[in-house]
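Trainee: When you get a sec, could you build the whole thing from the sequences and use the hints?
As numbered in the working numbering, residues 611 to 768 make up the sequence shown, in order.
Just so you know, these hints were derived from the structure itself, not from any lab.
Predicted, not measured: the structure shown is a model, and the values here were computed from it.
Each statement offered as a hint is correct.
Pairwise CB distance ranges, derived in the manner of DEER restraints: (1) Asp686 <-> Lys764: 57 to 65 angstroms; (2) Asp763 <-> Leu738: 33 to 41 angstroms; (3) Glu720 <-> Pro746: 22 to 30 angstroms.
Cβ atoms here follow ideal geometry from the backbone N, Cα and C, with glycine treated the same way.
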Amino acid sequence: MPFFTLKTSMLLSDGEKADIISNLTRLTTKLFDTVAPDKIQVTIQNLDRANFGRAGSSLVNQNFSYSSRFKNANYDESYFNKENGLEDLITIELDIWEGFSIIQKNLLGEEINNYLVSAFNITGDNCLILIRDMIPANWIQNGIAGNNPSFLDKSRTI
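Mentor: So this is what it looks like as structure tokens:
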């Protein structure tokens, strides 16, 4: 069962949030065919730009584009070769039941990254996806743990 937490510096409209929720669900059910859409949870958090950073540089830094892409400990080699501009960061944390292959998780990460880059015009390196496996017993919905043999039926009780 997947649980997505998306944190971003972008100011998202309600429609954009709905689109993200729909696409994360669609991509997940496409690649993990054993996951039912009703078991995919998504939380989206818009955070202040000052709450994001990379390579010791905050998003509020006017030179973030350059200074956040240093690739050595001397801070003198940046892989950024364009003009500094306003950038946004996206972090996705995906907690998912163990049992999915590394190949499946890699494909899902790639598809999510491609969607976000295309839909929101961000660079791929500004999208970080963290995937954590969890045991089914740690997913409790409607008071029923995921390791309960009747989980799917009992968790769907309204």
